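Protein chains in written order, with the working numbering: chain A, 3 to 479; chain B, 26 to 500.
It should be emphasised that the hints constitute simulated quantities derived from the structure, not laboratory data.
This structure is a prediction, so every number in the text was calculated from the model and none was measured.
For glycine and all other residues, C-beta sits at the position ideal for the given N, C-alpha and C.
Hints may contain errors.
[What the hints assert, rightly or not] Which chain B residues stay away from chain A? Per the calculated CB distances, all over 12 Å, these:
{"hint": "1", "residue": "Glu52"}
{"hint": "2", "residue": "Glu357"}
{"hint": "3", "residue": "Ser410"}
[Claimed, not checked] Cβ pair distances, simulated, as ranges:
{"hint": "4", "chain 1": "B", "residue 1": "Leu211", "chain 2": "A", "residue 2": "Ala363", "range": "44 to 50 Å"}
{"hint": "5", "chain 1": "A", "residue 1": "Val289", "chain 2": "B", "residue 2": "Asp62", "range": "27 to 33 Å"}
{"hint": "6", "chain 1": "A", "residue 1": "Leu342", "chain 2": "B", "residue 2": "Ala212", "range": "43 to 49 Å"}
{"hint": "7", "chain 1": "B", "residue 1": "Val36", "chain 2": "A", "residue 2": "Ser117", "range": "36 to 42 Å"}
{"hint": "8", "chain 1": "B", "residue 1": "Ala212", "chain 2": "A", "residue 2": "Asn308", "range": "23 to 29 Å"}
{"hint": "9", "chain 1": "A", "residue 1": "Ala363", "chain 2": "B", "residue 2": "Ala212", "range": "40 to 46 Å"}
{"hint": "10", "chain 1": "A", "residue 1": "Asp310", "chain 2": "B", "residue 2": "Thr136", "range": "26 to 32 Å"}
{"hint": "11", "chain 1": "A", "residue 1": "Phe306", "chain 2": "B", "residue 2": "Leu392", "range": "38 to 44 Å"}
{"hint": "12", "chain 1": "B", "residue 1": "Ser397", "chain 2": "A", "residue 2": "Val289", "range": "55 to 61 Å"}
{"hint": "13", "chain 1": "B", "residue 1": "Leu211", "chain 2": "A", "residue 2": "Gly326", "range": "23 to 29 Å"}
{"hint": "14", "chain 1": "A", "residue 1": "Ala131", "chain 2": "B", "residue 2": "Thr136", "range": "27 to 33 Å"}
{"hint": "15", "chain 1": "A", "residue 1": "Asp310", "chain 2": "B", "residue 2": "Asn255", "range": "21 to 27 Å"}
{"hint": "16", "chain 1": "B", "residue 1": "Asp62", "chain 2": "A", "residue 2": "Gly127", "range": "40 to 46 Å"}
Here are the chains, one letter per residue:
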Amino acid sequence: MSLATQASDSPPVTSTGSVVVYRRRRNVELAMTLLATTLGLGGWLLTGLNLTGEVPANWPWVCGLWAGMAVAAHLVIRWRLPYADPLLLPLVIALNGLGLAMIHRIDQIPSPPRSDAWDQFIWTGLGMALFAGVIIFLRDHRRLQRFPYLMFLAGVGLLMLPLVPGLGVRLGGSRIWIRVAGYSFQPSEVAKILLALAFASYLVAHREVLSLSGFKLGPIQIPRARDLMPIGLMWAASLAIMVFQNDLGTSMLFFGLFVLMLYVATERAGWPALAAVLFAVGAWLAVNYTNHVQVRISSWLHPFENYDQNGQVISAQFGFAWGGLTGRGWGLGRPGLTPLAKSDFIAAAIGEELGLVGLMAVIMLYALLVARGLRMALASHDPFSKLLASGLSFVFALQVFAIIGGVTRLLPLTGLTTPFMSQGGSSLIANWVIIALMLVISHHARRPISLGVVTDEPTVTNLADDETRMLTGGGRR
Amino acid sequence: MNRPIRRVAVVAALMFFALLVNVSINEVVRSPGLAGDSRNRRVRDAEYAQNRGPIMVGNVPIAQSNQQDGRFRYARSYPQARLYAPVTGWYAYDFGAAGIELNYTQQLAGTDSSQAVSRVLDKLTGKTPQGASVHTTIDPRAQQAAWDGLAGRKGAVVAIDYTTGAVLAYVSTPSYDPNTLSSTDLAKATESWKTLNADKNRPLANRASKEIYPPGSTFKLVTAAAALENGMKPDTMVDSPTVMTLPNTTTRLGNDTNCGGARTSLEHALAVSCNTAFANVGLQLGDEKLREQAKLFGFDTDVPTDVPWVNSHFPADPDRPQTALSAIGQYEVAATPLQMAMVAAGIANDGVVMRPYLAQEVRGTDLQVISSHRPTQLNRAMSASNAKLLQQMMVTTVTEGTGQRAQVDGVRVGGKTGTAQSAPNRPPYAWFVAFSDDPKIAIAVFIEDAQIERSEIAGGRLAGPIAKAVIEARR
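Extracted from the complex, chain A is given alone in its bound form:
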């Protein structure tokens, strides 16, 4: 609609001299966001309709609240980041809404019903508040690259929290939770962001040195020890803590993030190759010297040989089969038969009630999210943005691949959350913050920059003004 014309006073030029002006597409974002809210709300309404025969009495409130929250998030973007990627918010609203609806649906199985969906909704609100906070107060994400060591220390500190006696609790064999005032929280989710920032900052500062100095060992350029040491230590320390806490899923995500950033920063294909070899060795050792991993492998390849031990994976497979191509419908399947259907196995619940079609659609939503993230990495102008955007997107991809792949028996199962859908506040909040960061990055990537002078401020700073212009101006043109 109106957006192509919102070019800045000084059009930017590319290296070839042609002018690139990104469309802002804020109205598209609004429309898509509203459409996205209908996914979650539709699921919620259908669950009520299918289970009790009538639409829940509080439907105007719920619909109004969820749509209102989505529009509020949109308005914050419109106000602060007019050039941000228009697809990210709708994607996240769709995923978060589907997750909420599915948790609510599984809440209805026990009698009396549980209210986990309400807790998750509170967490969503909190996540959105932090999302807005990041967008409003973080004017330029590049400032974050000034403190790699501080970020690192904060990250490690968070990772260590669950080991503090009295604060940390052990759940399901992993000591990765802290409990404060009745709420449990997984600090590693937040530490993930801080450490990603730390890695990116360090690598941006040292990438030339890392890729050019040192000596060559075959195809791999080995940097000087004093350049590699600090980041190596950072990485090893955080990885060690997570392995010590028995959080293998998150440590693998970290390994992937670190390797990716090293590769993107140095442009040396030797690093991922080396990482693959290291991973293979590590996996071989884990398979041969730990029982835990062996069990995971056998329940991946031959789940039916030990029905009791692999009951969860098997039940999920039964669920997928029961769902078939188009699913049983909201409220009509039996996802409650699978343990942890709300958290780790929410993809199984989606597959059962929304079918193969629904599950594929969800996977495609994640794929789009990752694609947009990588696009903004390409479009960004500075190395820090590129590194951060590609790193965060790739972690999303890796996480979705690992958990949905695990649930569908493509890979051995690792206990990871399904971003934005799984029950769990820490993961939800962390992911909303990541999306806020990505939006900030994309705004800076797409924003028209005038030759010479870099203006940090968007042209429109007043929410009220912006709103007026959209309604009157947008409609006319």
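Please arrange chain B on chain A, whose structure you already have, making use of the hints.
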């Protein structure tokens, strides 16, 4: 830095592609097997709560589904539970199914491929899909007569129409109540299952055709058939010493009855059930020919039938003394009452053994016939002329020999008694197999734990009247 980012994008795309391909493969390759897995509670619950069609004897249902409230919307009930338990079987949530409930589960549930069209129509018209009804071949009077005849003793009766193979009576005692076993009160069903399995009388054992027992002298019919097929005549004389020593051993085999001299005709040997005469016949024929003949009647054959079936057995490689014992239905020969009824049926049907069956028709909810059984021949076990000779020999057994208790006024009845030693310290098994010309019926009566002395006449005295009662019930 854009080149590595592009490569990363390719890797990410491949990961998502792998996820999509994998779930598609799951759907196409793995799902069908998962849906059929017995541990799949989703499928099991849905099937268990289905509105299954009834199982009918004549116009009376012996199994039906009733609507109810609670976790399962339909529950199965069996009006004449114990009488028809081996026919219907059970349909339990935790303990599978048996009988017609098992063999026709798809038709009863309406999920069979032959019902696909009506399933779609039901869905379109908004009707609750109901399964088809299975109409059995059972004659309620014959079934009742057999049940009354056994009078609570452990045993089984199988009666078949030998011209078609239709099973007319199918009783196994002691019986059980499939109602409690199939109860939607799962705790009650579990308790019932435990009690029934702990019962030392084994009420869940289907003695009619899922258990094999030494057939004793009734197997002499098979030996006699083999003898006739290999050139002997009813008046062929065979050695019948009072006591004979089995070849290469010191084992001495005696007779339970007076065989009437050192040599006797085949016909007389059958009438008085002479052990030594048939042991000698068996030795003359050899184990190969006996096994051939037994196979033609259905021994050691996976007969395709909807009647619960286990293979009856003739020893694979007996030596000479074992062959002699096998010829009189001892050693390792073992048969189901159904199998022995098929032997009598084959003889009565002029040598042609028909495939036994229990379900005459499957009908949809609109009573339209979905499938109907067409009688099929299993084997020609012997020539028609030899079969007629053997029929006459059996008739002689009833008129003059050990089977006199089965005589029915005005009906030509042929039969053969049997008493089999199970173990020296256990009561013997009493057998009687018979046929009658009018009604055309072949019967095997089997009584486990018969409280009788170990003699042929005693077996006939006990089991013969039951056969007679079933024949009379059919008139």
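Quick rundown of the hints versus the structure:
At the 12 Å boundary, the C-beta of B/Glu52 falls inside the reach of chain A, the nearest C-beta of that chain being 5 Å off. Distance check on B/Glu357: its Cβ is at least 37 Å (rounded) from any Cβ of chain A, clearing the 12 Å threshold; non-interface status holds. Every CB of chain A is more than 12 Å from the CB of B/Ser410 (nearest about 58 Å), matching its label as outside the interface. The given range of 44 to 50 Å is broken by B/Leu211 and A/Ala363, whose C-beta atoms sit roughly 38 Å from each other.
Distance hint for A/Val289 and B/Asp62: a CB-CB separation of about 28 Å, consistent with the stated range 27 to 33 Å. Evaluation of the 43 to 49 Å hint for A/Leu342 and B/Ala212 yields a failure: the beta carbon distance comes to about 28 Å. A beta carbon spacing of about 41 Å between B/Val36 and A/Ser117 agrees with the range 36 to 42 Å that was offered as a hint. The hinted range of 23 to 29 Å is satisfied by B/Ala212 and A/Asn308, whose Cβ atoms lie roughly 28 Å apart.
Between A/Ala363 and B/Ala212 the Cβ separation comes to about 42 Å, which falls inside the hinted range of 40 to 46 Å. Checked against the hint of 26 to 32 Å, the C-beta distance between A/Asp310 and B/Thr136 comes to roughly 29 Å, which is consistent with it. For A/Phe306 and B/Leu392, the Cβ-Cβ distance of about 42 Å falls inside the hinted range of 38 to 44 Å, so the restraint holds. Checking the proposed 55 to 61 Å range against B/Ser397 and A/Val289 shows it holds: the Cβ atoms sit about 59 Å from each other.
Between B/Leu211 and A/Gly326 the Cβ separation comes to about 27 Å, which falls inside the hinted range of 23 to 29 Å. Checking the proposed 27 to 33 Å range against A/Ala131 and B/Thr136 shows it is violated: the Cβ atoms sit about 52 Å from each other. In this structure, A/Asp310 and B/Asn255 break the distance hint of 21 to 27 Å, their C-beta atoms being roughly 58 Å apart. One distance hint, 40 to 46 Å for the beta-carbon pair B/Asp62 and A/Gly127, holds here, with the actual separation near 42 Å.
Figure legend: structure checked against the earlier numbered hints; hints not met, in rising order: 1, 4, 6, 14, 15.
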